[in-house]
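K.L.:
Below, each chain spelled out in residue letters.
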Amino acid sequence: MDLLLQLLVNGIINGSHYALLGIGFGLIFATTRIVHFAYGPIFTFAAYVGWLLAGGLGLSVWVGLTGAVATALVLGLLSYLLIYRPLELRNAPVLVPLIASLGLYIVLENLVGVIFGTGVRVVEHLDTQIFFVGPVFFTSLHVWQVISFLVLGGALSLYLRRTRIGKAILAMTDNPEMARIIGIDTLRVSLIVFAIGSMISAVPAMLILLKDGASTHMGFAAVFLAFVAVVVGGVGSLKGAAAGGFLLGLVQSLGLWQIPTEWQNSIAFIVLFLMILLRPEGLFGVRTR
Amino acid sequence: MKRTLLIWLAAGMLTFSAASAQEAPKDPEVFKIGAILAMSGKADWYGKVMSAGILQAVDEINAKGGIEGIKLEAVIEDHKSGVAKEGVSAITRLINIHNVQAVLSSFSPPTLAIAPIADEKGILVLNGGGVSTAMVGASKYLFHNRSLASDLGRAAAKRANELGLKRLAQLAWKSDAGESIIAAVEPYWKSKGGTITATEFMEVGAPNIDTQVAKIRASNPDWVGLWLFSPDPGLALKKIREFGLRVPVIGIEYNEDIQKIAGKHSDGYEYTSDYFTPSPEFPWSQQFAENYKKRTGEDPEFYAANYYEAVYVVAEAIRRARAKGGDYWNGAKLAAAIRENPEFDSVYGGKMVFQENGVAKKRVALFRVKDGKSEFVSYITPD
Numbered sequence: 001m002d003l004l005l006q007l008l009v010n011g012i013i014n015g016s017h018y019a020l021l022g023i024g025f026g027l028i029f030a031t032t033r034i035v036h037f038a039y040g041p042i043f044t045f046a047a048y049v050g051w052l053l054a055g056g057l058g059l060s061v062w063v064g065l066t067g068a069v070a071t072a073l074v075l076g077l078l079s080y081l082l083i084y085r086p087l088e089l090r091n092a093p094v095l096v097p098l099i100a101s102l103g104l105y106i107v108l109e110n111l112v113g114v115i116f117g118t119g120v121r122v123v124e125h126l127d128t129q130i131f132f133v134g135p136v137f138f139t140s141l142h143v144w145q146v147i148s149f150l151v152l153g154g155a156l157s158l159y160l161r162r163t164r165i166g167k168a169i170l171a172m173t174d175n176p177e178m179a180r181i182i183g184i185d186t187l188r189v190s191l192i193v194f195a196i197g198s199m200i201s202a203v204p205a206m207l208i209l210l211k212d213g214a215s216t217h218m219g220f221a222a223v224f225l226a227f228v229a230v231v232v233g234g235v236g237s238l239k240g241a242a243a244g245g246f247l248l249g250l251v252q253s254l255g256l257w258q259i260p261t262e263w264q265n266s267i268a269f270i271v272l273f274l275m276i277l278l279r280p281e282g283l284f285g286v287r288t289r
Numbered sequence: 001m002k003r004t005l006l007i008w009l010a011a012g013m014l015t016f017s018a019a020s021a022q023e024a025p026k027d028p029e030v031f032k033i034g035a036i037l038a039m040s041g042k043a044d045w046y047g048k049v050m051s052a053g054i055l056q057a058v059d060e061i062n063a064k065g066g067i068e069g070i071k072l073e074a075v076i077e078d079h080k081s082g083v084a085k086e087g088v089s090a091i092t093r094l095i096n097i098h099n100v101q102a103v104l105s106s107f108s109p110p111t112l113a114i115a116p117i118a119d120e121k122g123i124l125v126l127n128g129g130g131v132s133t134a135m136v137g138a139s140k141y142l143f144h145n146r147s148l149a150s151d152l153g154r155a156a157a158k159r160a161n162e163l164g165l166k167r168l169a170q171l172a173w174k175s176d177a178g179e180s181i182i183a184a185v186e187p188y189w190k191s192k193g194g195t196i197t198a199t200e201f202m203e204v205g206a207p208n209i210d211t212q213v214a215k216i217r218a219s220n221p222d223w224v225g226l227w228l229f230s231p232d233p234g235l236a237l238k239k240i241r242e243f244g245l246r247v248p249v250i251g252i253e254y255n256e257d258i259q260k261i262a263g264k265h266s267d268g269y270e271y272t273s274d275y276f277t278p279s280p281e282f283p284w285s286q287q288f289a290e291n292y293k294k295r296t297g298e299d300p301e302f303y304a305a306n307y308y309e310a311v312y313v314v315a316e317a318i319r320r321a322r323a324k325g326g327d328y329w330n331g332a333k334l335a336a337a338i339r340e341n342p343e344f345d346s347v348y349g350g351k352m353v354f355q356e357n358g359v360a361k362k363r364v365a366l367f368r369v370k371d372g373k374s375e376f377v378s379y380i381t382p383d
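Quick mapping for you: the protein sequence lines, in order, are chains A and B.
Just so you know, we're using the numbering used here here: the first sequence kicks off at 1 and counts up by one.
Just so you know, we're using the numbering used here here: the second sequence kicks off at 1 and counts up by one.
Source of the hints: derived by calculation from the structure; they are not laboratory data.
Backbone N, C-alpha and C define an ideal beta-carbon position, used for all residues, glycine too.
The reader is advised that the hints may include incorrect statements.
Example chain B residues on the side facing chain A (calculated, C-beta under 8 Å, incomplete) [as the list claims (entries may be wrong)]:
no. : residue
1   : Glu23
2   : Trp45
3   : Gly205
4   : Pro207
5   : Leu235
6   : Glu242
7   : Gly244
8   : Arg246
9   : Gly263
10  : His265
11  : Asp267
12  : Arg368
13  : Gly372
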């Protein structure tokens, strides 16, 4: 029972992490229909800049986080303006931005290694508090992972529902063509979602840096799990992306209660395949006939 | 008659001497040897130190005029921290573009992956880093100058037994190396009356092992075996201590990358490993260590020593094969030279001998970490 409780808590913590990644990736995907695989190395870049400021230069973690967010913002905007926007203007088929995104993924991932070196980076001498509640333990960084999801997820939800731009984003998520017809500046909206989605990714990136260290290939797991969260939750639904992330975290953790941990990475694939087979529209997606 | 006899005798001697004269060695312009290392990815520390050892040896040999007057060159390729298919791509490039006849390999998965190619193309492969026992016999041209998993794991288990510990929980890489260690440790541990409370696996470089550590903790072990390589023992040590598990942790690897990640949680960690230490008794070891420090600013550890030494083994194999003349610059002839006389100078001191299975026996040492630094405890011979 103790183990099950610990795995449940782990699942909630990991689920928060995946949900936040899913929200950022899902916001970009749902609004622009671009499968932005470069989201992964942008996440990595943010972590390394955070390390440079907080670890390499010894500045505070908050300065590191600010630098990470700023880096992700710039890279997100540049990737849209320089890579995806020209393709949109040429009415490129759907596959072309996908392939471009993969190319950008490879370039950015290797650029991290060229600029920062290929070794693992950690913020040393970081004291984290450890909490024990009965048989269950968690650290202050775990708490921050859950809090960051609640705060950012809640803030994004309010922004989308209560602001003019937010409503424009939701309109474009629903039907980009119609949004354009009724006069929504889709270029501006696209830039905003790339900015917000990328900035969101910097927060879990920084937390992973502090918790486990940063490595040049960490972006693959981030974008893959974000993608699974979006598909499981339902493409086009941000609450679906959050739910998909949580489901993934819980299944991945609780599923290993009885099955060997060597299946850990396979669980995400199994969840993805089952969802595609049984409910292709995802948990909150709308089935189109 | 006499004159005819003498002419026939002279003709016969001429023919005989022509037949028995050694064919002149067919020298290449340069001896290119390949190396397939972890030059990127999470485990790039290995690539850094191994390549430093290799390049130092190559420079030293060339400074003395090369091998029989012919320069040596190292071509270093990247298997991206142990990706098998990258190892295959790397050896393909080394053979097709650079025509190497000897390759220094590392990590078990790429070494196993290139073994059939070595057999097919006749390429000498020398491994100084991978530990999986599955590599033994994988190719007739494959040799090893480091202790394999079976020795390291059993040495760690022997240490635990000496400490009176009984309940082992183990965390291993989901790879040939990790599985080799488990296969060697489990029967040994059970033969000593021990039990195994949990066996958990992690992918190489996995960033999240909370579930594995939670399961280990729940199994209530009195020691934890870490069958992992850099930098993953760092994360494991950190998580084990953060999860409140205070039992002894014994592993098979420690370096600065592990120390950075584990931080204060590395204190008290023990590990078994090959052990290189320069000694005045062995001037070569001191000369290697001093030059390594001048070149890199760091003291060499055993991976650098193994790959430095491996270059000298290849150089000596070339000399021995060349002495027989003919078309000697091929991996099969180099491997034959090693098998014919398996004794080579070792930078550790004295000689090392490649056994019939291709493994050169090295002593395993036990270390303990205190204040982030390794302290030698003793040599430990697995039963």
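K.L.:
Now tell me if each hint is right for this structure.
P.N.:
Going down the list of hints, with the structure as the test:
For B:Glu23, the shortest C-beta to C-beta distance to chain A is roughly 47 Å, which exceeds 8 Å, and the interface hint is violated. Using the Cβ-Cβ criterion of 8 Å, the hint placing B:Trp45 at the interface with chain A is satisfied: the shortest such distance is roughly 6 Å. With its C-beta approaching chain A no nearer than about 7 Å, B:Gly205 sits inside the 8 Å limit, and its interface hint holds. With a least beta-carbon distance of about 5 Å to chain A, the hint placing B:Pro207 at the interface is held under the 8 Å criterion.
Residue-level restraint check for B:Leu235 holds (minimum Cβ-Cβ distance to chain A is 6 Å; threshold 8 Å). Residue-level restraint check for B:Glu242 holds (minimum Cβ-Cβ distance to chain A is 6 Å; threshold 8 Å). For B:Gly244, the shortest C-beta to C-beta distance to chain A is roughly 6 Å, which falls under 8 Å, so the interface hint holds. Because the beta carbon of B:Arg246 sits about 13 Å from the nearest beta carbon in chain A, more than 8 Å, this interface hint is broken.
About 6 Å separates the beta-carbon of B:Gly263 from the nearest beta-carbon of chain A, less than 8 Å, and the hint is met. Hint on B:His265 is violated. Least Cβ distance to chain A is approximately 11 Å, over the 8 Å limit. A cut of 8 Å between beta carbons decides the hint on B:Asp267: the least distance to chain A is about 14 Å, and the hint is violated. With 8 Å as the threshold, the beta carbon of B:Arg368 stays out of range of chain A, its nearest partner Cβ sitting at about 21 Å, so the hint is violated.
Because the smallest distance between the Cβ of B:Gly372 and any Cβ of chain A comes to about 10 Å, over 8 Å, the interface hint for this residue is violated.
When each numbered hint is compared with the structure, violations occur for hints 1, 8, 10, 11, 12, 13.
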